[in-house]
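Q: Its first residue numbered 4, the sequence shown is counted upward by one per residue in the numbering used here.
Among the hints, erroneous ones may be present.
[Stated by the list, open to error] Lysine-lysine pairs mimicking BS3-like chemistry, simulated, CA-CA at most 27 Å apart:
id : residue 1 : residue 2
1  : Lys62     : Lys367
2  : Lys136    : Lys155
3  : Lys133    : Lys77
4  : Lys69     : Lys437
5  : Lys141    : Lys204
6  : Lys155    : Lys204
7  : Lys378    : Lys297
8  : Lys136    : Lys216
9  : Lys172    : Lys69
10 : Lys233    : Lys256
11 : Lys227    : Lys204
12 : Lys274    : Lys233
13 : Lys378    : Lys411
14 : Lys75     : Lys172
15 : Lys367    : Lys133
16 : Lys437    : Lys244
17 : Lys393    : Lys216
18 : Lys204    : Lys75
19 : Lys75     : Lys133
20 : Lys300    : Lys141
21 : Lys133    : Lys202
22 : Lys274    : Lys378
23 : Lys250    : Lys69
24 : Lys155    : Lys69
25 : Lys204    : Lys281
No lab work stands behind these hints: they were computed from the structure.
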Amino acid sequence: MHPATGNSRRRLLRGIAAVAMALPLTFGAAACGGDDNEGSNTDANKSVELSVFYWGSEKRAELTQKALDAYKAKNPNVSFKITWQANQGYADKLATLAASGDVPDLFATDDNMLADFATRNVTADLTEYKGNKLDLSKFPPSLVEYGTVDGKLVGIAAGENTQGLVYNKTLLTSNGLPEPTTGMTWEAFIDWAAQVTAKTKVPGTMDPSADYKAFWVWLRQQGKDLYNGKQLGFTADDVAKWFTLWKGARDRKATPTADIIHEGNVTDISKQLVVTGKAATSWVWANQMPELKKSTKDELGVIAYPGDPSAQWARAAMYWNVANNSDKKDVAVDVINFLVNDEAAVTALGTDRGLPSNTELRTKFAETVTDPAMKLSIQVENDLASKFGKAPQVPPKGHSTFRSELVKAAENVQFGRATPEKAAADLIAVVQPKLG
């Protein structure tokens with residue numbers, strides 16, 4: 004469910020500045036609209052070809068095609084020129100298309116890319132469509148807010164996600180241990196994890212000090228945030244406190260040793276420590292539960308991260324965007340509205356891009372789900388819906404640098420190469436100049 008790698012995102016500026024190169028894409032000039040950006044092709048009988056670009060697997064391509072076919076069945080005058088590719092290099096390719104003025108009419112981003120493209124006016128402002136051609140009334144409010152950059156609605160959530168703490172329920176039950184609960188404090192959670200280690204000899208929790216998702220939630224519970232405009236929303240002292248919290252957990256053996264923590268930091272979802280048996284809990288996105296379940300025979304559970312759950316929010320797993328220079332904005336918006344609000348489309352897409360953004364259709368969809376892990380994932384997000392807090396701002400350019408530098412700083416502490424204070428100061432010094 005995650006987009007292009009950190010390297011490709013860091014190369015985004017270079018890609019936008021680069022001279023357009025020949026690509027195996029055939030979007031053509033139809034995606035460009037000159038100076039007339041008011042949207043056209045509103046005649047229901049006029050033939051329209053819409054270019055569409057996104058990343059994903061072959062399975063995602065099949066599901067997306069099915070949903071777009073459902074749209075075409077109701078709008079036979081609209082056809083689609085679809086291009087998709089793997090995660091690797093997606094942001095670079097989109098940047099190159101932007102540099103050549105050939106952005107597809109409808110394309111996908113996530114919160115690592117959205118601000119970069121929005122601040123360069125690659126994405127259209129869809130505010131005027133809201134409540135008219137674009138019905139977002141069934142979305143959680145924070146999910147709508149999380150598609151806004153500089154006061155403009157530039158991204159429509161293709162699906163919802165939130166942070167999830169996944170634990171090995173089988174391990175706990177077989178050892179007579181209690182399950183963790185939503186709302187327990189961070190200190191209580193670490194106490195619980197230390198008890199799990201003592202009883203089962205399996206570390207109670209993965210150390211999340213390198214995980215930006217966990218740090219972000221913890222910060223919000225302290226009344227701060229990850230970003231404040233184009234500045235960091237926290238200080239070196241905040242980072243040092245975070246690192247110190249987890250150093251204490253490691254000292255109590257509530258977490259694995261540094262080498263195993265590193266393994267958890269760099270591995271993919273199918274090899275997270277909760278399913279490899281190297282920790283009783285892992286810090287993931289809630290909708291990754293089904294993917295985790297494929298890698299273990301044990302029963303898994305999922306709750307919110309520790310602390311006040313209102314620090315979490317309905318996060319867009321990824322967005323649909325409309326090209327600012329497209330002369331087919333009205334049609335592109337209508338397609339987005341269909342993809343997120345039509346029952347046939349929502350059923351076709353399932354949870355490949357996250358849980359359905361439309362909560363009413365999500366409930367209907369949940370009734371058809373047979374996968375226990377997916378049912379639990381949906382239940383957790385629905386339970387948290389009334390507790391979600393206001394969405395933070397979309398991360399600014401440089402977010403990928405912060406993510407990678409947090410891992411480096413946390414591991415320097417974990418391996419004893421730096422004190423929490425030194426690692427925190429180094430992190431701030433590297434990241435702040437990269438934001439903008």
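Q: Are Lys136 and Lys216 close enough, with their CA atoms no more than 27 Å apart?
A: Status violated; Cα separation ~34 Å.
Q: Given the hint that Lys204 pairs with Lys281, does the C-alpha gap stay at or below 27 Å?
A: holds, 10 Å
Q: Hint check: Lys136 vs Lys155, CA-CA at most 27 Å. Holds or violated?
A: Status holds; Cα separation ~16 Å.
Q: Decide if the proposed pair is consistent with the structure: Lys133 and Lys77, CA atoms, cutoff 27 Å inclusive.
A: Holds - the C-alpha atoms of Lys77 and Lys133 are around 22 Å apart, at most 27 Å.
Q: Given the hint that Lys155 pairs with Lys204, test it: the Cα-Cα distance must not exceed 27 Å.
A: violated, 51 Å
Q: Between Lys75 and Lys133, is the straight-line Cα distance small enough, at 27 Å or below?
A: holds, 23 Å
Q: Please work out if Lys250 and Lys69 have their alpha carbons no farther apart than 27 Å.
A: violated, 49 Å
Q: Straight-line Cα separation of Lys393 and Lys216 no greater than 27 Å?
A: holds, 16 Å
Q: Check the hint pairing Lys204 with Lys75 against an upper bound of 27 Å on the C-alpha distance.
A: Judged against 27 Å, a Cα distance of about 56 Å means the pair is violated.
Q: Check whether the Cα positions of Lys133 and Lys202 lie no farther apart than 27 Å.
A: With Cα atoms ~54 Å apart, Lys133 and Lys202 exceed 27 Å; violated.
Q: Measure nothing beyond the straight line between the CA atoms of Lys155 and Lys69; if it is 27 Å or shorter, mark the hint as holding.
A: Violated, because 30 Å separates the two Cα atoms, which is more than 27 Å.
Q: For a C-alpha distance cap of 27 Å, please report whether Lys378 and Lys297 respect it.
A: holds, 15 Å
Comparing the model with each numbered hint stated earlier shows that hints 4, 5, 6, 8, 9, 10, 11, 12, 13, 14, 18, 20, 21, 23 and 24 do not hold.
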